[in-house]
Structure formats: C-alpha cells, structure tokens
Amino acid sequence: MHVLLIEVNPFSPPTIPISLGYIAAFLEKNGFKTKIICISDQGDYSIKELTDIIKTFNPQLVGFSTYQRNILFVLGLARFIKGLNKEIKIALGGPQITFMPKEALREMPMIDYLCRNEGEFTLLSIAQAIAGGNPFNGIKGATYRQEDEFIDGEPIDGYEDLDEYPSPHLMGLFDYTPVEEVIMLASRGCPYNCIFCYTPQAFKHKIRFHSIERVIEEIKYVVKKGKNQFWFADPNFSFRADRVHQLLEEIIRHELPIKMWLETRVDLVNEEMIKKMKRAGVHTIAYGLESASEKVLKTIKKKTSLSQLEKAISLAQKYEVEIEVFSLYGLPGETLSDALKTLEFVRSHGIKIQGNSNAQQMQLYFGSPLTQNYKAYGIKPFPEKRPLYLSIGDRYETETMSVKEIETIRALWRRYSLDKGKRVVS
Amino acid sequence: MIQKLYLKPNPEIPLEKFSSLFPQLSIFSEIYLFIEDFKSCFSYVFEFAKLLKNFLQKYPFCKVHLNLVHPFDAELRPFYLMFSELVNPFNLEGYTYQVTPRLIIFPVLCFPPFPESAEFLGFLEQKFMPPGVLIREEHYSLASEKIERIFLASHKDHLLSLGYQELLSVLLEKMREQNEDILNPCTSTLIIDEKGNFFSCLAAYQNHIVSGNLLKNAYERQSIKELCPQCKYQLISTLENTPLVSKSELSNLHFRFGLSYFGLQKIELALSHFFKALEFSPEEEHGDVYLYLGLCKANLGEYALAIDYLKKANIWNYNAYFYLGFSYFQQREYLKAQDALEKALSLNPPLEDKLSIALYLATTYRELQRFEKAIILLQELVKVAPEVREIHNLMGICYFKEKDYQEASECFQKAINLAPDSAIDYANLGLCLKALGKKEQAKFYCQKALSLDPSLDFAQKALEELKSN
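Which chain is which? The protein sequence lines are W and P, in order. According to this note's numbering, the first sequence is numbered sequentially starting from 260. According to this note's numbering, the second sequence is numbered sequentially starting from 8.
Just so you know, these hints were derived from the structure itself, not from any lab. Even glycine gets a Cβ: it sits at the ideal position worked out from N, Cα and C. Among these hints, one or two may not hold up.
What the hints assert, rightly or not - Per label pair, the in silico range of CB-to-CB distance:
#1 W:ALA635 - P:PRO85: 36 to 44 Å
#2 P:ASP188 - W:LYS562: 39 to 47 Å
#3 W:GLN488 - P:LEU312: 34 to 42 Å
#4 P:PRO289 - W:PRO272: 26 to 34 Å
#5 W:GLN567 - P:ASP188: 39 to 47 Å
Please construct the entire structure, taking both the sequences and the accompanying hints into account.
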C-alpha cells in the first residue's frame with residue numbers, strides 16, 4: 260500500500276520535511292511504500308505534475324502537516340486529491356490538528372482523519388486499518404467519522420527512546436539539493452509551562468531524546484552528502500547540559516566541518532557551554548525572549564528573567580555567536596509601553612532585527628493553556644464567525660492593548676526591521 | 008512546470024490557447040503581460056484574467072502574481088477598478104486568516120511622468136500592490152524616492168528589461184545569502200511572443216531560438232544551456248553602469264561567478280569574471296582576485312603570468328605557495344619551486360592537497376638530484392597514502408638513482424600491485440633486476456613492459472642487452 264505525505268509551506272523557501280520524514284521512515288519499516296512531496300514558496304509542482312503523481316504513485320492514504328498558516332492550502336489540496344480519486348483517504352496531522360475540536364470535521368468533508376497523538380504510530384494505525392480493509396474501525400490516536408458520529412480513537416504513546424524510530428536521514432529519504440540548511444532533531448517535547456505555547460501540552464510536558472551516537476551518525480551522513488549547515492529543531496537544545504557537552508565534544512573530536520543554528524532557553528546556557536558551541540560550529544543561538552517586561556514574563560509563565568537574558572546575550576556576543584531572539588506582542592497583560600520596552604531591549608542589545616528576530620503578534624493556537632482559558636487572561640477575540648478548523652490566532656485584542664495599539668507596535672517593529680519583517684519560522 | 012510566464016498578448020490568439028497552459032503553471036507562479044495599448048487590448052486582457060480567476064477557483068491552493076506592464080495613462084482608473092472587482096473575491100476568500108490573497112495584481116507602468124503620475128500611482132497602491140515603474144535612467148533618483156519596484160529601460164524590449172532585472176535581483180540575493188548555486192538563478196520560464204512563439208528563457212528569446220508555437224500546439228524544448236554563461240555575463244555587463252547595482256556588488260558577483268566556474272574547472276569563464284572583479288573592486292581587495300587569476304593562469308599553463316599574479320596577490324596560504332611552486336616547476340626553475348613547495352607543505356594543508364604538494368616537492372628534489380631528501384619525504388607520504396601508485400614509482404626512481412636497486416625494485420613491485428597495467432613500472436622493475444644481476448626476471452619484466460607499451464625505448468634497449476649477454 261502506498262502513502263503520500265505532503266508538506267505545504269506557501270510562505271517559506273524549501274526546507275527538509277523532518278516530521279514527515281520520521282513518519283515515512285516508520286511506515287517504510289512497517290512495510291508501506293511512501294513518498295514525500297514539499298510545496299514551498301517556489302510552487303515546486305504544477306497541477307499537471309500533481310495529477311501525474313497521484314495517478315502514478317496511486318496512494319491509498321495521503322497525510323498532510325497542518326498549521327494555522329497553511330490549512331486553507333491543505334484543504335484545497337485535499338479537495339483536489341479527492342476529486343481525482345474519492346477512494347483516497349486523507350489524514351491531517353501537525354500542531355493545528357492535535358487539539359482541534361472534532362466537530363471541525365463537519366466543515367472539512369474532504370478530510371477522513373485528524374491525527375491527535377504521535378504521528379508515526381497514529382499514521383501507522385490508520386494505514387494498517389486501510390490496508391486491512393476496515394478504514395474506520397479501531398484506529399488509535401486519531402479522530403474519524405463513523406456514520407454521523409465522530410469517534411476519538413484510543414490514545415497511543417510514542418517511543419520513550421527516540422532512537423527506536425528509524426532515521427529518515429540515514430534511510431536516505433530526503434533530497435538535500437534544494438536546501439542550504441538541513442533540519443535535525445536531537446530531542447522532542449518541552450517540559451516548561453509557557454501559557455501561549457502548544458508544544459508542552461502536545462508532548463505532555465515531557466522531553467525525549469535521541470542518543471548522541473545517533474545524532475553524530477546523522478550529521479556525518481549529511482556531511483557526506485555535501486551539506487554542512489544544520490538547523491536543530493529541538494525546542495530546548497541545551498535542556499540537558501551533559502548531553503550538549505557530549506554532542507559538541509563529539510563534533511569537535513570528529514572534526515566535523517559544520518555550522519549549526521539552535522534554539523534554547525536563556526537559563527539553559529553558561530560560558531563553558533557557549534565557548535564549546537562556538538568551537539563546534541554553532542553560528543547562531545536563538546533565545547525565547549517573548550517580552551522585556553518582567554510583569555508580562557511572569558504572567559506568561561516563561562520563568563526567565565531579563566538579567567538571565569542579558570547574561571546569555573553577552574556571553575554569546577563575547578564568543579561571537581550570532582543571536583536571534585523570539586519576541587511577541589499582544590501578550591496577556593501587556594500594554595503598549597511594555598511592548599515598546601521589548602523593541603527597545605532588542606535594539607539596545609545589538610541584536611539585528613531580521614528573520615527570526617522580527618517580533619510577531621502572539622497567536623492563540625488550539626491546545627495552549629492561554630487558548631483554553633483566554634477570557635481569564637483578558638484576551639478579547641474579534642466578534643466574527645470563524646470556521647471550526649481555525650483557532651483564534653491573531654484575531655483578537657486584549658484588555659490592555661487595543662487593535663490600534665497592536666497595529667502601532669507591529670508598524671514600529673517593521674520600521675526597525677532590516678528585512679521588512681520577513682520571519683522564516685513561525 | 009512553468010514558474011514564470013511572460014506573454015505579449017495578441018487578440019488574434021484565442022484565449023483558450025493560454026488557458027490550456029494553466030495546468031502547467033507552478034502552484035505559485037508569476038505571469039507578466041506586456042501590453043502595448045492598454046485601452047484597445049483591455050477586454051482581451053480582462054478575459055485572460057477571468058480565465059485565470061476560474062482556474063484559481065477550481066484549484067484553491069494555487070496562487071498567481073499577475074504583472075500588468077503597460078504605458079502610463081492616468082485615464083486607466085476605470086479599467087483598473089474592473090480588475091479590482093475581479094480580484095476582490097480572492098482577497099476576501101481566506102478571510103483574514105489567509106496570509107496572502109491568491110490572485111494578486113501588480114501594475115508596472117512604463118515611463119510615468121513625475122510628479123504628475125503620483126495620484127494615479129497612489130490610486131493603484133490603494134487598490135492593488137504598490138505599483139512598479141519602468142523608467143529611463145535619468146529619472147531613477149526621482150522615482151527611487153517614492154517607488155520601491157523600479158525597472159530601468161535597459162533594453163529596447165520591455166520584456167528583456169524586466170526579465171533581466173528580476174534575474175539580477177535573484178543573483179544579488181544569492182550573492183548576499185552566499186548561496187553556492189549562483190550559476191543557476193533562472194526559474195523555469197516560458198516566454199510567448201505576439202506571434203505565439205515559445206521561448207524557454209530570456210536568452211532564447213533575445214536570440215530568437217524558438218521552441219514551438221502556441222497556435223500550432225507544438226513545443227520542442229531547445230537545449231540552450233551553452234548560452235547560460237554568456238547570458239549571465241552579458242546581463243551583469245549590460246547593467247554595470249546603472250544604479251541597479253553598486254560597484255562592490257558587481258565585484259562580488261563577478262568574483263563569486265569566477266569562483267564557481269573555477270570550481271567547475273571552466274577556467275576561461277572563470278578568468279573573464281575575475282578580470283571584471285578586478286575592474287570593480289577597490290585596490291585593497293585586489294589580493295584575492297590576483298590570487299585566483301594566478302591559479303587560473305597556472306591551470307592554463309601560462310606559468311610566467313601565474314607567477315606574476317601570485318606575487319601581486321601577496322596572499323601566502325598553502326594554495327598560493329603550491330601554485331607558485333607548481334608554476335616554477337613547470338618553468339624548470341627547480342630551486343624556486345622547492346622553496347615555494349616547502350613553504351606550502353609547512354602550512355599544514357589538508358591531506359588530499361598535502362599529497363599532491365608533497366609529490367611535486369619530491370619530484371622537484373629528484374630534478375635537483377636530492378634523492379635522499381625525496382626518499383625521506385616519500386617515506387612519510389607512504390605512511391598516510393600507501394594506495395597512491397605515484398609515490399612508490401617516484402620512490403623507486405630515487406632509490407634507483409641512489410643505486411639502491413633492491414629498495415627500488417620493491418617500490419616498483421608495490422606500484423605494479425596497485426596498477427597492474429603500468430608499463431613504466433614493469434620496465435623500471437626490469438632495470439632494477441638487471442642491475443641486481445637477475446637476468447631472467449629482468450627479461451620477463453622488460454618484455455611485459457614492452458607488451459603493454461612498445462614505445463618504451465629504454466626497456467627495449469635493456470632487453471637487447473640482456474639477450475646479447
């Protein structure tokens with residue numbers, strides 16, 4: 260049986276579809292034939308080519324990575340695929356889906372499954388059900404229709420030890436040609452409690468790891484394939500200091516000629532670590548700043564302080580590692596003057612406002628503690644009708660910031676931006 | 008797949024002909040319509056846009072940027088209002104959740120008068136995306152104060168002006184991003200002229216290399232890859248004296264092109280770009296360019312010039328010393344070669360480069376009759392690269408010259424083990440064995456050498472001597 264996996268990223272250049280890669284690797288190991296296609300801001304395919312792929316690869320199941328920003332494109336593609344062959348089953352997974360209300364299926368007639376748990380096991384369960392001729396029965400980890408009802412399948416957990424998942428890199432599932440930077444994953448999940456974030460909820464506040472040996476093996480493989488720029492997608496790269504030191508030492512010991520981008524928290528770095536990061540080839544560290552107001556940081560349960568942030572920034576600068584900071588506006592309890600403080604903080608610390616360092620309005624995604632309890636945090640969604648498959652997103656103002664004030668701060672960030680506010684990572 | 012479609016609309020061509028191409032458009036694509044007379048052509052262009060709208064409605068994941076390029080005319084406001092009505096459903100379609108609408112109109116006005124055009128430009132900006140302008144160079148500074156998207160009338164044909172300048176933007180972006188793939192800035196393109204002729208890229212259009220015709224439903228892609236280097240070079244040269252590109256960008260661009268061609272061993276092409284880089288770079292940056300000019304000249308066998316450029320570069324990394332030593336070696340100035348190659352080796356080059364530097368140095372020692380020094384160096388080399396036949400061969404020659412025939416024969420035997428078809432090593436082994444008095448074996452190896460390469464005179468001579476004795 261054939262499974263087609265599609266990544267649609269209409270607002271970004273081509274990237275490595277790491278999540279779909281893991282799923283494809285797992286399905287392949289379980290006897291399914293897979294194919295991944297990525298649609299970036301380059302378009303990459305024509306209608307004719309997509310039609311040819313569907314007809315020649317002939318999938319029985321198509322899976323999509325789904326985000327708030329791409330869901331309309333995903334639904335359009337799903338409708339197109341069903342139009343070519345209505346027997347093809349379509350599953351949506353990704354951050355938009357884990358906590359989407361199941362009633363949303365009513366507004367998405369072209370969708371058959373919503374994947375709620377770990378993608379590898381959930382999609383395998385769906386694929387096995389389809390292959391077994393009983394596509395809507397006993398599926399684990401997904402929501403699906405049974406006549407007029409929506410059934411939540413039994414929850415399913417992923418592996419504790421991430422090495423048990425086959426590596427999409429080592430299985431040669433990725434084409435590295437169109438990308439400059441290769442995405443890697445050394446861990447999954449986040450144990451913190453930032454109220455605007457979906458990740459800790461989706462991963463039950465747990466963090467799981469790959470072994471250092473596996474990460475090194477993957478890096479070596481990619482280097483052999485001619486790429487030496489790596490982008491680690493771990494939400495907290497340095498969560499465990501011992502692992503980070505070990506990984507960096509191995510990179511240095513093997514003289515791997517690589518450059519790395521990574522993201523971590525300001526309370527998870529120190530001088531020795533940053534010094535070693537520099538030696539191993541880390542060119543940029545991205546920190547989650549969110550806000551430069553202690554009051555706001557407390558409200559959003561970031562549990563970092565400005566003094567920690569300043570220290571982490573100056574350490575990185577000391578060792579000439581580029582810094583990016585993720586910041587947000589429109590946060591609960593934030594006033595315009597708080598938001599201005601954040602902009603001032605970034606500017607006054609010599610951080611280039613470009614790419615990831617362009618601030619964004621906070622988004623209310625399905626599943627975040629804030630979305631679940633937005634009224635208590637003074638969030639006022641606009642009084643408008645919204646399809647059930649979309650969360651509030653940025654369609655709100657707050658008790659402390661009006662729409663106009665949010666517009667003002669957005670315009671100010673754009674004014675000081677070196678690239679007109681173009682942010683690659685959302 | 009077509010990512011960029013350039014069209015010169017002609018109302019005599021049935022519109023369905025164009026719509027038959029839409030399924031070949033990339034999911035996110037750009038269309039440029041070059042309209043000479045907007046008013047008389049309006050209904051045709053508007054119908055074209057309607058067909059596009061129908062296509063996008065059928066495929067709700069596709070997105071098109073429609074660029075309307077036409078002469079400025081302030082009276083076009085009612086026509087543009089009709090376009091606005093046409094695209095409105097797409098602007099509202101995703102409500103505010105969709106980041107961008109899917110049918111986006113970009114007006115590009117040719118030769119608008121300043122400041123008289125300001126009001127009309129303002130109107131367009133309000134209704135669509137900020138309009139672009141195509142202007143003559145003398146108006147550039149005036150326009151650049153107010154307008155972001157400016158094209159210069161660099162060519163008589165507006166299609167070439169826009170197309171090449173967009174290509175230049177891609178090149179400059181790749182240069183800034185240090186993208187290694189600077190030689191391939193072109194997206195998949197189709198150009199259709201007013202007669203319906205197909206062209207597969209700007210260079211093909213400029214050189215009228217037709218790939219087919221829309222009216223005849225014929226398309227045969229012509230391979231014109233050989234035009235690519237010339238096309239990029241001309242593109243940069245044509246725009247080099249315009250405000251679109253600064254001197255430092257020009258020098259960087261040419262340098263990057265030079266490096267890419269040098270990496271592909273297309274040395275003549277690399278040279279043409281390095282000379283341009285030299286022309287546009289400030290004197291303090293000439294060093295790097297001279298270095299590569301030196302490397303190119305050495306690759307072309309113009310050793311005297313290579314030496315001159317390398318000295319002018321005055322950048323003494325191992326590579327520069329190696330090419331200097333190599334050039335002196337080729338000029339038979341062995342003492343100078345020895346000096347440069349020894350310096351190259353002392354700068355700890357990576358292993359793969361170290362091997363060739365050391366081999367040249369050992370050969371230089373041999374030429375200078377310093378066999379002992381050569382042997383010491385080769386003994387070091389053989390520890391790290393025992394699989395390289397040339398090391399054993401050279402070491403054998405040096406031992407032979409030192410009259411250590413036993414060691415020499417062992418070296419040639421190892422060389423033969425690594426390259427069983429190497430006639431010269433059989434011949435050398437034959438000579439060693441002859442010197443060691445092992446006549447029968449010596450005969451065998453000389454005969455073996457001659458069977459592989461009958462032109463080896465010294466093997467023939469040795470064989471005759473062995474036979475006569």
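- Query: At the C-beta level, are GLN567 (chain W) and ASP188 (chain P) separated by a distance inside 39 to 47 Å?
  - Reply: Holds, since GLN567 (chain W) and ASP188 (chain P) (Cβ atoms, about 40 Å apart) stay within the stated range.
- Message: Taking 26 to 34 Å as the stated bounds, is the beta-carbon spacing between PRO289 (chain P) and PRO272 (chain W) within them?
- Response: holds, 33 Å
- Query: So does GLN488 (chain W) sit 34 to 42 Å from LEU312 (chain P), Cβ to Cβ?
  - Reply: The hint (34 to 42 Å, Cβ to Cβ) holds, given that GLN488 (chain W) and LEU312 (chain P) are roughly 37 Å apart.
- Item | Range hint 39 to 47 Å (beta carbons of ASP188 (chain P) and LYS562 (chain W)) holds or violated | holds, 43 Å
- Query: Do the beta carbons of ALA635 (chain W) and PRO85 (chain P) sit within 36 to 44 Å of each other?
  - Reply: 53 Å Cβ-Cβ, so the 36 to 44 Å window is violated.
Of the numbered hints stated above, the single one contradicted by the structure is hint 1.
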